[in-house]
Every structure is written in C-alpha cells, then in structure tokens.
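Protein chains in written order, with this note's numbering: chain Z, 23 to 216; chain C, 23 to 216.
Do not rely on the hints blindly, as some may be mistaken.
Distance condition first, Cα-Cα at most 20 angstroms in a straight line; then the derived SDA-like pairs of lysine to any residue [stated by the list, open to error]:
1. C/Lys202 x Z/Lys119
2. C/Lys202 x Z/Asn208
3. Z/Lys202 x C/Thr203
4. Z/Lys212 x C/Pro201
5. C/Lys197 x Z/Asp178
6. C/Lys212 x Z/Gln195
7. Z/Lys212 x C/Lys102
8. C/Lys212 x Z/Asn103
9. C/Lys212 x Z/Asp100
10. Z/Lys102 x C/Asn208
11. C/Lys212 x Z/Lys119
12. Z/Lys81 x Z/Val134
13. C/Lys212 x Z/Asp178
14. Z/Lys212 x C/Leu198
15. Z/Lys212 x C/Lys212
16. C/Lys102 x C/Leu122
17. Z/Lys212 x C/Thr205
18. C/Lys202 x Z/Ser194
19. Z/Lys197 x C/Gly141
20. Z/Lys119 x Z/Asn103
21. C/Lys212 x Z/Arg106
22. C/Lys119 x C/Met23
23. Z/Lys202 x C/Arg83
24. Z/Lys212 x C/Tyr200
What the hints contain is simulated information worked out from the structure, not anything from laboratory work.
Protein chains: 2
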Amino acid sequence: MATYAQQLKAVEGQVQSQLSDGRFQHCLRVKDYAIRLAQQNGVDPDQAALAGLVHDYAKERPTEDFLAAIDRHHLDPDLKNWSRAIWHGVVGAYMIKDELGIDDPTILDAVVNHTTGEGVTMSTLAKIVFMADYLELGRDFPGVEEGRRITDQSLDQGVFYQLKETLSFLASQGKLIYPKTFTSYNDWAKHFSS
Amino acid sequence: MATYAQQLKAVEGQVQSQLSDGRFQHCLRVKDYAIRLAQQNGVDPDQAALAGLVHDYAKERPTEDFLAAIDRHHLDPDLKNWSRAIWHGVVGAYMIKDELGIDDPTILDAVVNHTTGEGVTMSTLAKIVFMADYLELGRDFPGVEEGRRITDQSLDQGVFYQLKETLSFLASQGKLIYPKTFTSYNDWAKHFSS
C-alpha cells in the first residue's frame, strides 16, 4: 500500500485539474497549515498533508454530480435540500475515495466534517483539517490572528472558537444554518461549560 | 366566564406576590408593550395584556417546584437537564393554568414559547408576547431601538430580528443554546430566504 507521502504526490495533479487556481492554492496552504498543526498535536504530518490537500477536491463539481452521488451512495435524501457548501464535504468524501483512491477512513471522515465540525468525539485529524481550512495563511478576516493564537495553545479551544465565530456570524446575517453546525457548536459548549 | 379584563384585575395581586418588585415592574411594562403591539396587529388588547402580565409568573419559583411539575405533567424528561431560564415558560404555563385559573390555550402557548420563540406557525399573540418581553420600555441594550422600529413595521420581521440577535449573542459568548431557539431561528431564516 502506498504511503501517505506517495499518495500526496500521486493525487496532486488530479486535485489541481479539478479546481480553479485560487482554490488549488488554498488547498496547498491548508496542507501546509495542517502539517504545522499535526506536528503540534502528535498526528502523522503526511496524513494531515494529504487530508488538507484533498479536502476541497469536490468544491467545483456541478450540482448534478452531487445529486447523482447522493442517490448512488444512498445518503440522506435531505441533503438534496442543501447546496455545494455542504455537499463538497459530506458527498465529496465519496468522490475522493472513488476517484483519488484514498480509502483511509480517518482522512475521509475529516473531509466529511471539515465544513460543519463535529462534537467532542471528533478525531484529532478532523480537528486539524477543520482548523487548517479556517486559519491557513491566506485567510484574512477579523479574528483570524486570535484563532491562530488560540489554536496554537489548544486545538480543542481552536475548534470551539471557530464554531462560536461561525454560528454567531451566520446568525447575525440571518442565514439558514445547517443543523450539524449547531449540534457541533452545542456539544463543545456543553463540554467547556461543565 | 370572566373576560380578559376581569381576569387581569383578578390575578395582578397574585403575580405581584410571586415576584421581586423589579420583575413585577418588568411584567407591567411587558403588558403595556403587548397592548401596543396588539393594537397594531389586530389582536384583542385585553388578551395581550393578560398574557404579558403573567408571562414571567413562575420565574422565581424554586427548582424543586419545576422538577415536580415536569413529573406531574409528564413533560419531556430532558427538560430536567435545563434551568429556570427555560422552565419558567415551558413549565410555568402549567402553573399559570393551575394557580391563576387561566385556561385560554393561546395565552398558555404564548407563555410556553416566550423565551425560545417558535417557527413561522407561531400565533400572533405568541409573537406579541415574545416581542413585548424583548422590547418593553425598560430594556436598554444595543439594538433595542432598531428592534422597536422593525417590529412597528412588521411583527414577523421583529421576531426574526430577535432570534438573529439572540442566537448570535449566545454563540459569541459560547453559551449552551436550547435547541428550540435554534430551530425557531432556522425556520424563520428559511421563510425569509425563500
């Protein structure tokens, strides 16, 4: 079986071919930030790099590809009521498995949950991809420096920081919120309040 | 059967006897604001006044009273994991029925939902109590004037404004959020985005 480093080299061209240059550069920066967080948190940096590189692999796929994959893999039909913003993680993981040949369940799970986060049972790798996507060095939003500082001190506190900021921002804008974003937030809120 | 105006007169002393002076004055102000919103929205002002007066009747009851009422009325046992902030509406409505003799289901429903709101099927009276509690003239928080202005123009937009502000504030503080607050918000977000 190929090592993570071998897989990384093998799939980079395929990832690039699926994405605009701007998004591919984002994926490279997420890969780099994931390596940094992996080194801080006792995770294999090559595994984190691979997960970071591929996390947005499906982000630019046409709607019909997602709808077909939801049917083919018998996923929750309610997914069809949402959009690419949700699909590219939850459904995209199946495309990454089928098309890139990545079958490490921890990587696939990290891709599934990189948009919404999960509750406190989240794997360390999933936390790393979730935070690297939020904090990579091309990001520039109010609070990103504080997010980086907190996450360097505690990956868990970083995850909760992102969930707080995201839920608060979406609500202030009156946006429809994917329920898992709320349940992820609330599980961490309970964890840190008890 | 007593009119709303008669009931209002009959229960005012009982409400006062259960509450600190500060909270009783809040109830009187909610009553006044509820009358104003009732007049704007085609609801009987006496019914709105009574609902506004009694909405916080149970707010200062001891924990054991709520726990006993949850058992006695066979309410969802998960309620026991929450606190007076939730109980005084959901459970308080039963105390108002049993102790004040108010059995108008629309008033009791408005009390049940005055903390969390509800989705778009909320009754007009429930919207009025929800908004009067938030906007009564003793309230002084950033955004209260905007909330009053929006609500004068549209009760529904006012409800959504409060839900946005509340969800956003609670998330920014990292507080555990009662799930119904989220589902109420999201139902209105869907309503206004479609």
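Numbered hints the structure breaks, given as an ascending list: 1, 11, 13, 15, 16, 20 and 23
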